[in-house]
Structures are given as structure tokens and as C-alpha cells.
Amino acid sequence: MLTVTDLSVSYGAINAVAGISFEVPQGGIVTLLGGNGAGKTTTLHTLSGLLKPKGGKITFCGEDITRLPSHQIVARGLCHVPEGRMVFANLSVAENLAMGAFLQTDKAAIAETREHIFTLFPRLKERIKQTAGTLSGGEQQMLAIGRALMGRPKFLMLDEPSLGIAPRLITTIFEKIVEINRAQGITILLVEQNANLALEISSHGYVLETGRIACSGPSEKLRTTPQLKAAYLGG
Amino acid sequence: MTEFLQQLLNALSLGAIYALIALGYTMVYGVLRFINFAHSDVFMVGAVAGCLIGKHLPTGTWWGGLTCLLAAMIVCSALGMFIERFAYRPLRSSPRLNVLITAIGVSLLLEYTFQNEHVFGAAPRSFPQVFPQVVWQLRGLTLSSNQLLVIGVALVLMVALQFIVFRTKIGTAMRAVALNPRAAQLVGINPDVVVSFTFALGSALAGAGGILYALNYQSVEPLMGVMPGLKAFVAAVIGGIGNIPGAALGGLLIGTIETFVGGSQLSTYKDAIAFALLILILLFRPAGLLGRSHVEKV
Ligand SMILES: Nc1ncnc2c1ncn2[C@@H]1O[C@H](COP(=O)(O)OP(=O)(O)OP(=O)(O)O)[C@@H](O)[C@H]1O
Ligand SMILES: [Mg+2]
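Respectively, the protein sequence lines represent chains Y and L. With the first letter of the first sequence counted as 1, position 103 gets the number 103 in this note's numbering; the numbers rise by one all the way through. Every position in the second sequence, counted from 1, becomes a number in this note's numbering once 1000 is added.
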């Protein structure tokens, strides 16, 4: 569904991503792992058009989307839950969700998606009028995911959804990610530092190291790879 | 007491005009984080457009007056969008200082273009009496229809703006872009459209301000925007730049101070005193009266 070929991205003289290639099959969950500064966020930002690549190609559903602006990429069904959640702090939960549906025109479909999100995250319904900036970190993460789902994505990218969230809530959020994938058939690209959890729910994994893919393979195999174990899985 | 009420009325009408201009400064700052120094000249173009269009309208009718007002607002919206599209947008990714200097350039360009005698000329012209002129005497209080018009139109426009910004989809998108431009792009908002819309909205308000100002002061010339523009800019800062109710409040405040000081023995120092008071306010509330340097959760 998504094919990335030889993608490279730089900030001025710094090469943050130096020629990576990977693939996400339709209906799957693929994870992109790597430590701080490996280039994970840079990759996702490039996929959603916030950054322009120096070289390489991004193909989504057979179409070259490499140089499209963000709003056109979102319109094609590729939505992004950014690192640090980036909810609209002064807007209410309802307004944040409404903004998620910015490109949707069918009112009935919008209402239906919203209801669906409330069954996924009942907490959001309770907090519907609350200002997003005053939500707890976990609630903000739910809102960020909900907001992206309002765009009726075919493909969802999540950037470190576990960042700064209580362990109990992390499990819930990961369960929801699996549910979104299974029940709605939304393909998922998951960026994580929490390699254990990410490899548990994904079928394939790619490990980024300073802008390059250090290793990749089926998630089960990666979990037992000695070098990965040492680096990310705590032994 | 009567004199106080009279002055209060004057203060309100002057403040309402400052508020209308200040809203444009603050909205553009909100979405782009830069001060559009050409805004005061858009205000002037509003008055000039009204002057030129008004000549062809009958005098003393409500429909003629409102047509003139509406036409000036449309001209200013178009001008604002045009300036943004061709002067500021090409510089979107360059340092903010470049954009600021460009804004000053646009401001000078407009001022000098309109001073050209083939365009408008440097000499002040009187504004056509497109609206009905009525003066009421009420227990010693002099109420002119112009003054009430200024207050009324400003009020209607501010309520309309409040509605657009807080109740419509494009208004919510404006606030979203102001809060987090990247996240706004990630939900599919095209920032160019939102920025264009913001300029259209702010410039329309400045155009209306220009007409109302010209109605009250009866004269139109290409440099007429400079002082009101400066005061409106200060009003926006006082209210908390980027904050919409703040700009309205700041405008009313500076209009009030100016009017009351102007009516006292210190009248020659009215601008100095107004600005000194404002500096004082900023000393105690650096983010402005309604501005908050709020902490975002990460
Ligand atoms: N705006 C920027 N300007 C310059 N360099 C940047 C910028 N953003 C990121 N970088 C650099 O690019 C590299 C990759 O950063 P990136 O944010 O993609 O890493 P990451 O894998 O997401 O890390 P983390 O897990 O800490 O979020 C880092 O070396 C970083 O310092
Ligand atoms: Mg990152």
C-alpha cells in the first residue's frame, strides 16, 4: 500500500534520513523502531508532506505522492498522529475532532465516525467540552488518535503513542491500535521506541539507526535478533 | 455629567475604529506571527475607495451609505489578499525580518502611489456625505447619527467576526493554524487558504474602519492611516497580540484615554499620555491585558 524507495531527507547540512526503503502492505501493522535521533519522526513528517525529501520516492496506493502538499496527502487517506500529540490546546475536544474531519463533507458520515471514536475512547465523550490543553497526557493521546481517525484514513501513522504515558494506559492504547487495524481495516505504520510492545502487535519491523535501516524482518524474528535485543529490548 | 457622557460617546466611537483596525493586526499576527505594517494603509485605501465610490452615489441615504461601506470592505479584502499572495507568501519560509521589511515596503508603496495626483493626490479631500446626517439634542447631549453609526457598525462587525472565528469551520481552522500550523496541516488544512482568509477578514474590517473614520473626520488623504494605524497596533499589543477580544478591548481603551485626555487641560499631550499609560500597562502585564503566556502540555 505504501512503498518508500531510497528516501533521503536533510536539514541543511545534516542528513537525518539517508536513503531508506521500506514497504507497508495493505491491512498490516508495520513498525519503525530506533533510538533517539534515528530519523523516525523525520521519516513520518516527509511521508505526510511536512518536509520535502532530498531524494527518493514515496508511492501510496500506486500513486507517487512524494512532492504533494500535506492537505492533498490527507485527502488521499494517509493520516498522521504526530509525536507529542500536538492537539489544538485552546480548542475543545469537540473542536479538535471537528478539525480532524476538515476535509470530510458528508455530515452523516462525520457524525458516524465521531460516534465510533467515542466507543473506542469513551473518555473523550465525557470530556467533549473540555479544552484539549487541560486533558491528561493519555487523554491527549486518545484525542490525537481520534482526531486522525476523523479524517477517515486508509492508512494511519502513529509517532510514539506511548511517549510519556503511564504503563497501564500504554497497554490500552496499543489494544486500541490493534482494534483500529482489525475492525476497520486501517493499515498502520507505528513508530516506537518501546520495541517490545511494537513488535508484539506488528507483523514486520524496520530498525533505523542514524538515518539508515540497520535491520528488518518479520517482527517475531526481530524480537529474537541478538543485536536488537541488546540495543532496544533490555537484554 | 452631560459632558462626561458626551465624551464617553466620543471615546466609544473613536475606540471602536481603533478596535476595527487592531483586529486585523492581531489576526494576522495570530496565524503568521508577524506584524503587517501595511495594514494601516489598507485602512487608508478603504477611506479612499469610499471617497471615490461615494461620489457616484446619492447623498444622505442609508442604502447609498451601506453600499459605499460594503464596496470599500470588498476592495480592501481583495487588496489584503493580493498583498499577502504576492508580497508575503513568497517569503513564507524566509526569516521573519525579511517579511517585516517587505511589509514596510508595501506600506510605503501604497502611501506614495496614492499621493500621485493621477491616482488620488496628496491633498486632503472631503468625504462625500453618503449617509443621512441627523443630529439629536437629548438633555444637553449632542448625538450625531455618524457617531451612532460608527458604534453600531463596529459592534455588528465585531459580533460577526466573533461568530466567524468561534462558530464556523474556517474560523476554527484559523484558530487551529494559529495554535499549531503543523498539526493543522496534518488534519488537511491548507494553510495558504486560511492565511488568505485571515487577510481578507482583517482587511475588510480595516476598510470599514477607514470609512467610519472618514465619516467622522470628513477628510481623506494618503497618509491618514499612519497615526490611527500606530494606535491600533499599540491597542493590539495592549490587548495581547494574537488575542481577538484583547484587540477590541485595547482599541476601546486607547480611544477612551485619548478622548478624555484630549478633553482636559493636558490635551496637547493626549498622544504622549495615551502611549505612556500603555507602556505602564505593558510593564505590569507584558503579554497584554488578555494575553496569556500559557503552558502547553507535551
Ligand atoms: N528541525 C530540525 N533541524 C535540524 N535538525 C533536526 C531537526 N529535526 C530533527 N533534526 C535532526 O535529525 C535527526 C533525526 O531526528 P528525528 O526527530 O527524526 O529523530 P527520531 O528518530 O524521531 O528521534 P526521537 O525518538 O527522539 O523522537 C536528529 O539528529 C535531529 O537532531
Ligand atoms: Mg521522533
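For the record, the hints were derived by calculation from the structure and aren't laboratory data. These figures come from a predicted structure and were not determined experimentally. Hints should not be assumed to be uniformly reliable.
To be verified - Beta-carbon label-pair distances, calculated as ranges:
hint : chain 1 : residue 1 : chain 2 : residue 2 : range
1    : L       : Gln1162   : Y       : Lys57     : 41 to 51 Å
2    : Y       : Ser92     : L       : Ala1160   : 52 to 62 Å
3    : Y       : Ile128    : L       : Tyr1112   : 48 to 58 Å
A virtual CB, placed ideally from N, CA and C, is assigned to each residue, including glycine.
Against the structure, the hints:
Distance hint check for L:Gln1162 and Y:Lys57: the Cβ-Cβ separation is about 47 Å, which falls inside the suggested range of 41 to 51 Å. At about 22 Å, the beta-carbon gap between Y:Ser92 and L:Ala1160 misses the expected band of 52 to 62 Å. With their beta carbons about 54 Å apart, Y:Ile128 and L:Tyr1112 fall inside the hinted range of 48 to 58 Å.
Checked against the numbered hints given earlier, the structure breaks only hint 2 and satisfies all the rest.
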